[in-house]
Amino acid sequence: MTYPVFTNGTVLPASDLNAIGLWLVKSQTVGSGVSSVTVTGAFSADYDNYRVVINGIGASASLGLKVQIGGATTSYFGNFNYVLYSASAYTFVPMNNASSWYVALSDVSAPSVATSFDLMQPFLSARTFYNGGYYGRGYTGQFGGAIETSSSYTSLTLFNESGTLTGGTISVYGYRK
Amino acid sequence: MELLAFTATESKTMTEEKKPLLIQIDGEVREMTPEEVTAHEEMVASHQPLSVPDPE
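Taken in sequence, the protein lines are chains A and B. Per the numbering used here, the first sequence starts with residue 1, numbered consecutively. Per the numbering used here, the second sequence starts with residue 178, numbered consecutively.
Honestly, the hints are just simulated from the structure, not real lab data. Don't be surprised by glycine CBs; every beta carbon is placed ideally from N, CA and C. Accuracy of the hints is not assured; some may be wrong.
Stated by the list, open to error - What follows is a set of in silico ranges between Cβ atoms, one per label pair, in the way DEER data are often shown:
id: 1; chain 1: B; residue 1: E212; chain 2: A; residue 2: A45; range: 22 to 32 Å
id: 2; chain 1: B; residue 1: E212; chain 2: A; residue 2: T154; range: 13 to 23 Å
id: 3; chain 1: A; residue 1: A14; chain 2: B; residue 2: K195; range: 53 to 63 Å
Kindly produce the complete structure, drawing on both the sequences and the hints.
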């Protein structure tokens, strides 16, 4: 079907609306000098899978930007890598029963970090998976992994490995089932 | 020459005041409770931070 173009006053048939594949669930601006930022009510039975987009984040120290899903503090598995824009050798960072996942490298300079990832099944009582890519502080890379539990989560928390975060936006979108 | 004796009646140590940690939950930013501080410190202390050099 052709993508619908909406205009003011147009009748919106359910068939067009129900074909919208991605829906903004929640968007949160990051405050100034916060040690962590939690987005509550991000995941629910409305969707099985989500897209998380984070940009404009500044940090007090150039380290790793990390995420915790719900109250999970262990069982994060996966791998995160980075390569400098002018280089060709990747560095791989295993996450082997870690307490959180990496989602980017943070930047103490003018914020130059953007990351996005798919988050699969966070609300279901099943493994939660993530995979995505980022660009930050001149480095790019990919990441993927799973939380090896069968717990259900409704929130996510973003933090820098040390120090604080300032500015930027965290947006959570739901993929229509 | 008479020596002047000085007796310290009060001493102060100049220390940098520790700033409170701020937590943001949705749109609310506030100081962490002691329990939240403990949990946060455990969260950031549980691994070695990435040491990635800044681009030249």
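What are the numbers of the hints the structure violates, in ascending order? none
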